[in-house]
Amino acid sequence: MDPVSAFISGFKIPIGRWGKQFFDFLTTNFEWFFNSIASGLATALEGIVDGLLWLPPIALILLIAALAWYLQRSWKLALGVTIGLLFIVNQGLWKETVETLVLVVAAAACSMAIGVPIGIWAAHSERGYRFLQPILDLMQTMPTFVYLIPVLILFGLGIAPGLIVTVIFAAPAPIRLTYLGITSVPTPMIEAGEAFGATRRQLLWKVELPAALPTIMAGLTQCIMLSLSMVVIAALIGANGLGKPVVRALNSVNIPLGLEAGLAIVILAIILDRMSRIGNGGAK
Amino acid sequence: MNAAVDFKNVDIVFGAAQKEALELIDKGATRAEILEKTGAVLGCAECNLTVNEGDISVLMGLSGSGKSTLLRAVNRLNVPARGSVMVTDDGRQVDVASCDNATLRHIRQTRVAMVFQQFGLLPWRTVEENVGLGLELSGVREAERKERVRKQLALVGLEQWAKKYAHELSGGMQQRVGLARAFATEAPILLMDEPFSALDPLIRTKLQDELLQLQEKLKKTIIFVSHDLEEALKIGSHISIMEGGRIVQTGAPEDIVLRPANDYVREFISNVNPLSVLTAWNVMRDRRDLEHAGEDGWLWLDRRQTTRFKIDADGLVAAAERNGQPAIWLSCDEVEALPPDAPRVFWARPGTSLKTVMLAMHRSQTSPVALFDEQSRFVGAIGIRDVLSAVLRR
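Chains P and S supply the protein sequences, listed in that same order.
Numbered per UniProt numbering, the first sequence spans residues 1 to 284.
Numbered per UniProt numbering, the second sequence spans residues 1 to 394.
These are computed hints drawn from the structure, not numbers from a lab.
A few of these clues could be false.
Heads up, incomplete: computed chain P residues facing chain S, CB under 10 angstroms, no partners named [said to hold, decoys possible]:
1) Gly92
2) Cys110
3) Leu152
4) Gly156
5) Glu191
6) Glu194
7) Ala198
8) Thr199
Here the structure is a predicted model, which is why all the values come from computation and not from measurement.
All C-beta atoms, glycine included, are put in the ideal place defined by N, C-alpha and C.
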């Protein structure tokens, strides 16, 4: 090795060790906190899953199809949803599908609940957005497996850490799209609101949010798709669902099982995508 | 006459270096100099203007002259760096430039309404929801709101469009919605920022006429921004010409046309047809300036001494003579009806348009036209030279 390289690598900055020390500190001092979050989330989500599985599959399928019709006013979509879900039942993956559905919908709901307010805040604060941007970049580019480990340590195995990694991965989409939607509201509309004496709150609710709604809804669709793409990763840390059979198929080189589970994920993705496109010709 | 809006030494500067820019304004620096030295953009400087109740005051200028900037100071969409904008609110004078937010909102909700160039309608709301925006923001109950919105829509002739969305309407209709929205708050002061510029010429003329008709009924105080002098001359009771952020001349339309303050204004009006603004009053020579034509109150109406009137003690015309022959005197309004013969002299009222006066001259072998007031008293005369110099602006 040449002397310069030797000098540079002579003292390694202990980034990794610092990180571990930080997580050790969290686990020893705040274990109760993370444990209660994990068990709270797990109880809630598993309760919902149990409730839905208590219904006969055909009843749940009809309910989902009815919801699809209500959201999009399309008989074709409702029919497609029914056929797709019946196919999944036929493949014997119904329980896993319901588990995944609950995880994805819950993760998307959490992401929206976190992302939309943050996006609104960033849109109104130039400095806020500058501060947020590197964090969003980090959340989206950091390989998932890297934060899988600390989340696993803090929250243990199961559906709760699955939900948390999914939210970390999916939340930047609604944040960015809410920010984009609000900052691109045409100035004349804002000024029309101001000129007629709107308060800041009225301006937000009566002008900015309605104007940004299509973009925010695109954020919801993206958020659902990103959550679904985390299903297999979530399965690695113990979240039940369609990811489990995929991981099992990979480990045992089981082509039929992988194909069946993969297809079920695709069907679920298409259904959720079509149903969540609110504001594009659907019900207002 | 009460002032509805009073601009006092208003300076508006865009950019961080406000203080430096204000110092330069005091030294009389131009916009280009201020931009170069401080990086700040001068919006408007040292603007003084009083708009009386019931006036239509037009701010005129090329784009970038600061006319919209000044207008938007009235509801503080632009914040003045210095100076004050006084608006009457519940009988007391409020300085919009410095009042607190609650007062500002009250003024925006009840005193000052605005119409925008690009309409500023909200596309997810129906026409009636758009018109009701101001009322909704100030917390008017739904039943009352519906009623007031319906009234405004009737006023602008859009009742049957109430349930449509804004984008389903043509541009002219959209701006009518904008007008109705501004009228709905019943604010006495109306700011109009080039409201008709985005419309095609036919619709523009139509809406100008409609605005003037509505103004007859509603008697608002209107501040109107325009870059179109014809439009300004048509609707304005006063016009302020702006250049580089400063007001260079304020006056009645005919003042601007007859007595432009500088070359900029002269250039501005060079393309305007003076016949569309001038009246007999603007071009006449006063009675006291006319030459005597002998004893007994005879006066020459023209410099060439072709026509003379005998004026009695009450100021009424007792006799007329043209080219030495006794003549009759007739109103200009009858000029179309009569065959061109017999010596005669036409008279006009002060408000008669210059065009009618010229037609009368044409029909009477270029005889001068007399001017009578409402009591038929002789007040002055217009010779052919007066007309020519007004038209040619010499």
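For each hint, the structure was consulted:
1. Gly92: Because about 46 angstroms separates Gly92 (chain P) from the closest Cβ in chain S, which is outside the 10 angstroms limit, the hint is violated.
2. Cys110: 27 angstroms, violated
3. Leu152: 45 angstroms, violated
4. Gly156: 46 angstroms, violated
5. Glu191: Since chain S brings a Cβ to about 6 angstroms from Glu191 (chain P), closer than 10 angstroms, the hint holds.
6. Glu194: Since chain S brings a Cβ to about 6 angstroms from Glu194 (chain P), closer than 10 angstroms, the hint holds.
7. Ala198: At 5 angstroms from the nearest chain S Cβ, Ala198 (chain P) passes the 10 angstroms test, so the hint holds.
8. Thr199: 7 angstroms, holds
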